[in-house]
Amino acid sequence: MSIQAPHNPKKLMGTQWTAVNVENRRRHWEVIELHLTTDEVLLRAVIDGHTLRVEWRALRNREDWEPGWKK
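First residue of the sequence shown? That's 1 in UniProt numbering, and the numbers climb one at a time after it.
Keep in mind that a hint or two might mislead.
Simulated DEER-style distance windows between Cβ atoms [unchecked claim]: (1) L42 <-> R62: 18 to 24 Å; (2) K70 <-> D48: 25 to 31 Å; (3) H7 <-> G49: 25 to 31 Å; (4) H7 <-> D48: 27 to 33 Å; (5) E66 <-> K10: 20 to 26 Å; (6) E66 <-> I32: 25 to 31 Å; (7) V22 <-> E55: 34 to 40 Å; (8) R57 <-> V22: 18 to 24 Å.
Since the hints were derived computationally from the structure, they do not count as laboratory data.
Using N, Cα and C, we set each Cβ at its ideal position, and we do this for glycine too.
Generate the whole structure from the sequences, applying the supplied hints.
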């Protein structure tokens, strides 16, 4: 499942994202938790399971994130 521009955080669960700026080969991420009280989502890196907590609105920034898994 992919989402173009997140407007509703409740629809982000399970969505896939590609980091534009790759660190430690962590390019592909998936939303695994929603934290609506803090407006954050928990992302898990596909390659090694590393987790990253970001504000869900940050996923709108195309300089940092692209929806779906890109090469």
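Now for the hints, and whether the structure bears them out:
For the pair L42 and R62, the supplied restraint of 18 to 24 Å holds, since their beta-carbon distance comes to about 21 Å. For K70 and D48, the hinted distance range of 25 to 31 Å is not satisfied, since their beta carbons lie about 19 Å from each other. For the pair H7 and G49, the beta carbons lie near 28 Å from each other, so the given range of 25 to 31 Å is met. Taking 27 to 33 Å as the suggested C-beta distance range, the pair H7 and D48 conforms, at roughly 30 Å.
Restraint check, E66 to K10: a C-beta distance of roughly 21 Å satisfies the suggested window 20 to 26 Å. Between E66 and I32, the C-beta spacing of about 18 Å breaks the proposed range 25 to 31 Å. Evaluation of the 34 to 40 Å hint for V22 and E55 yields a failure: the beta carbon distance comes to about 20 Å. Between R57 and V22 the beta carbon distance is about 22 Å. The supplied range of 18 to 24 Å therefore holds.
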